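Novice: Sequence:
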Amino acid sequence: MQKYISSKTIDGNPFDCRIHVEKNRQRQWQAARNFIRIGIGQKVISNVNQGCGISDVEPFLKAKFGEKWEEIKKNTNNVNRIRCSD
1 MQKYISSKTI DGNPFDCRIH VEKNRQRQWQ AARNFIRIGI GQKVISNVNQ GCGISDVEPF
61 LKAKFGEKWE EIKKNTNNVN RIRCSD
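Under the numbering used here, the first residue of the sequence shown carries the number 1, and numbering increases by one thereafter.
Treat the hints with care, as some may be off.
In silico DSBU-like pairs for lysine-lysine, Cα to Cα no more than 35 Å straight-line [unchecked claim]: (1) 3 <-> 73; (2) 62 <-> 8; (3) 68 <-> 8.
So the derived label-pair ranges between C-beta atoms look like this [to be verified]: (4) 27 <-> 59: 28 to 36 Å; (5) 72 <-> 25: 24 to 32 Å; (6) 6 <-> 68: 15 to 23 Å; (7) 31 <-> 4: 17 to 25 Å.
In case anyone wonders, no lab produced these hints; they're calculated from the structure.
Just so it is clear, the structure is predicted and the values come from calculations on it, not from any experiment.
Positions of the beta carbon are idealized from the N, C-alpha and C atoms, including for glycine.
Build out the structure end to end from the sequences listed, making use of the hints.
Specialist: Okay, here's the thing in structure tokens:
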């Protein structure tokens, strides 16, 4: 079970950050892809096939957080490394 965190875009749409991990050839976990899901016109984020949009992390962070985007991306990368090493 994931804890619910209320995150909204400038337009009021809910969003979350997805970090997909997979095992590499050395059988260690590594981040495969990061992306943002946006529930366009929704109260909560649903499946992509049910009207959810997807954005790459960098342009989304630039639009949402302005000058702070690089620091936030760095922090998400740190989370990737910590979670993959567990």
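Novice: Run every hint past the structure and note whether it holds.
Specialist: Do the hints match the structure? See the list:
{"no.": "1", "hint": "3 <-> 73", "verdict": "holds (21 Å)"}
{"no.": "2", "hint": "62 <-> 8", "verdict": "holds (15 Å)"}
{"no.": "3", "hint": "68 <-> 8", "verdict": "holds (17 Å)"}
{"no.": "4", "hint": "27 <-> 59: 28 to 36 Å", "verdict": "holds (33 Å)"}
{"no.": "5", "hint": "72 <-> 25: 24 to 32 Å", "verdict": "holds (30 Å)"}
{"no.": "6", "hint": "6 <-> 68: 15 to 23 Å", "verdict": "holds (19 Å)"}
{"no.": "7", "hint": "31 <-> 4: 17 to 25 Å", "verdict": "holds (23 Å)"}
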